[in-house]
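Given the structure of chain A, go ahead and fit chain B onto it with the hints provided.
Keeping their order, the protein sequence lines are chains A and B. Going by the working numbering, the first sequence opens with residue 14, and the numbers climb by one from there. Going by the working numbering, the second sequence opens with residue 114, and the numbers climb by one from there.
It is worth saying that the hints were derived from the structure and are not from the lab. It is possible that part of the hints are untrue.
Below, in silico cross-link-like pairs of lysine to aspartate or glutamate (EDC-like), each with a Cα-Cα straight-line distance of 20 Å or less [to be verified]: (1) K281(B) <-> D269(B); (2) K281(B) <-> E58(A); (3) K281(B) <-> E42(A); (4) K281(B) <-> D57(A); (5) K281(B) <-> D268(A); (6) K281(B) <-> E62(A).
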Amino acid sequence: MMSQTVTQKILARACGRERVQVGDVLFPEPDLVVIHDGYACQLDERLAELGARELVHPERVLVAVDHQVPAATPQVAERLRALRGHVERFGIGHFYDVGRGGNANVIPVELAVARPGMLAMGYDIHVTNYGAICCLALPVGFDITGVLAVGPTWIQVPATVAVELRGQLALGVTVRDVAQRLLRALDPAIADYRVIEYRGPFAEALGIDGRMTLCNTPMEVGAKSVIFNPDDVIDAYLAARGHAPADRAIASDPDAEYERVIVVDVGQLAPQVAVPPRPDLVQDVGEVAGTRITRALVGSCAGGMLDDLRQAAFVLRGRRISADVTMAIVPASQHVYGAAAREGLLQVFADAGATVFPPGCGPCAGGVGGPLASGDVCIASITRNDPGRMGAADASIYLASAATVAASAVAGEIADPRNFTATADQSTTR
Amino acid sequence: MKSFSLTAWRGRAWTFGHELALDDDVMALRFTLLRETNGDVLKAHLFERLDPEFGRAARPGDLIVAGQRFGHGNPHIPAFIAMRALGVGLLTESMPRGTLRNAVYMGVPILPACPALLEHVGPGDALAVDFEAGVVVNVTRDATRRFPPLAAPVLDMLRQGGVRDYFKAQLAARRG
Chain A
14 MMSQTVTQKI LARACGRERV QVGDVLFPEP DLVVIHDGYA CQLDERLAEL
64 GARELVHPER VLVAVDHQVP AATPQVAERL RALRGHVERF GIGHFYDVGR
114 GGNANVIPVE LAVARPGMLA MGYDIHVTNY GAICCLALPV GFDITGVLAV
164 GPTWIQVPAT VAVELRGQLA LGVTVRDVAQ RLLRALDPAI ADYRVIEYRG
214 PFAEALGIDG RMTLCNTPME VGAKSVIFNP DDVIDAYLAA RGHAPADRAI
264 ASDPDAEYER VIVVDVGQLA PQVAVPPRPD LVQDVGEVAG TRITRALVGS
314 CAGGMLDDLR QAAFVLRGRR ISADVTMAIV PASQHVYGAA AREGLLQVFA
364 DAGATVFPPG CGPCAGGVGG PLASGDVCIA SITRNDPGRM GAADASIYLA
414 SAATVAASAV AGEIADPRNF TATADQSTTR
Chain B
114 MKSFSLTAWR GRAWTFGHEL ALDDDVMALR FTLLRETNGD VLKAHLFERL
164 DPEFGRAARP GDLIVAGQRF GHGNPHIPAF IAMRALGVGL LTESMPRGTL
214 RNAVYMGVPI LPACPALLEH VGPGDALAVD FEAGVVVNVT RDATRRFPPL
264 AAPVLDMLRQ GGVRDYFKAQ LAARRG
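Just chain A, with the same shape it has in the complex (with noise of 0.2 Å):
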């Protein structure tokens, strides 16, 4: 038989094929279907566009309220009460309310709800994530009406580019550096539909937590979907979930067939800052170090998880922020949430002066909660900077690491994490 990706594989199994071949149209059945409040809290309008009064498989749907937390407006309080009476009514599967999940893009890989094999499909961008678990994920935007009330939609089997990551990192730099410079690799000519497959030594002794970053980011670029083959990495997170290892077979062939092959060395690597107005438009931290900030920001489904708030923390651990500015930590989730309070994270920010805020997805999503004021200079480890994204159309946004998020918050302007001493290992969430 023909060799395949992980890719290939997926999407054949999900439609009772035995292989699939790039470039084909296909109507694959997805195992997990995911929408956020954003969506949800308009199930019923959705549905009644197309005529549809029920759900094809509302046990495989999974709802999470992670943009509008907590309701700003009593206008939001009440989509959100009309949210939960649409998960009553249609009988969602998967249901996590405020202060139950976080964000819809991280909570299925934590919970194990989306498992290695698999084939999820969401309204946003970013489940791309799910990637980090060996299940392929594919944003479907607004198709994601009908798949949840009439069937499958359209999916062209995407070619895959094959990213091989090699090198250890520097001390202060982190894999949201890498990820960043990869959106300096990765042309959207080159990325344009295609799914990102990591490979290499770099990328297979990386933690979950990691892999998530580097799932959630090719997105911005023009990537289909993201994904890591099945490993023991991946073994040992179901493992402390209660869950088999994955089965190898999913994995791609070795002489599976890759569209491109990119090498990036690490090693080398500096901190890596986007500039506004795009997440693509990377630099080395020294070209834009020295701007003054006014605003910082560590969250979203790129840069909200523990490793990232460990990050953030050794940078501030004795520390405090600049008298010009103030910053926002958004755990990714609930999970997270409690996981910095053990640790003792969440007393770092305190005492430097930053605000936590509740688990979601904080302002990155459309600055709900925090927006940023005219003219305000934000640095942040979400996911995009559009003029507007988080408030002000004339704010700026810079995306950056939450190690360089921090030190910059420190310094009052966008500053080299590695000269705030070494940072936390980058790797040790499992």
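Just chain B now, with coordinates in the frame of chain A:
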């Protein structure tokens, strides 16, 4: 609503540049945050920042002609609800796939991969487009160019009015 066939689409060109951000250049992010999905409301705001006249002056059949990476950013849908409401088509040098998917969902006819198209089309040019064959005729300049059309199964859904209408039809058929 759709008064033009995919194979014989005719209209005027509205040209835009490269790298238009979906959430800013094409449609302000606030409509996504407001969860606005009414095409009659949204259509006046399409390209509002770049060309405040567009929403009022565009006519059914007109064609948006844009450069590389049209509509990059998070693939929010209000812009495509507006295009559907206006009855316009879309030709781009390139567009991210999330954006493409939303166009197909709303039944906006597209040729997404037309390299160097902006060199061959000027503002107001009369165009005749066959979206199924991938042929763009610039009537004003008397020039014809060929580009890859969407895959056949996707064109099938576009003929049914887009993926949303395809799903509607499936549901209606299931109910008999």
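Quick one, are K281(B) and D268(A) close enough, alpha carbons at most 20 Å?
Given pair K281(B), D268(A) is violated - Cα atoms ~42 Å apart, limit 20 Å.
Is the straight-line distance between the alpha-carbon of K281(B) and that of D269(B) 20 Å or less?
Status holds; Cα separation ~14 Å.
For the pair we were handed, K281(B) and E42(A), check the Cα-Cα distance against 20 Å.
Distance ~18 Å between K281(B) and E42(A) Cα, so the pair holds.
Regarding the pair K281(B) and E62(A), is the alpha-carbon distance no greater than 20 Å?
Given pair K281(B), E62(A) holds - Cα atoms ~8 Å apart, limit 20 Å.
With a cut-off of 20 Å on the C-alpha distance, tell me whether K281(B) and D57(A) pass.
Since the Cα atoms of K281(B) and D57(A) sit roughly 15 Å apart, the hinted pair holds (cutoff 20 Å).
Distance restraint between K281(B) and E58(A), which requires alpha-carbon spacing of 20 Å or less:
Distance ~14 Å between K281(B) and E58(A) Cα, so the pair holds.
When held up to the earlier numbered hints, the structure conflicts with hint 5 and nothing else.
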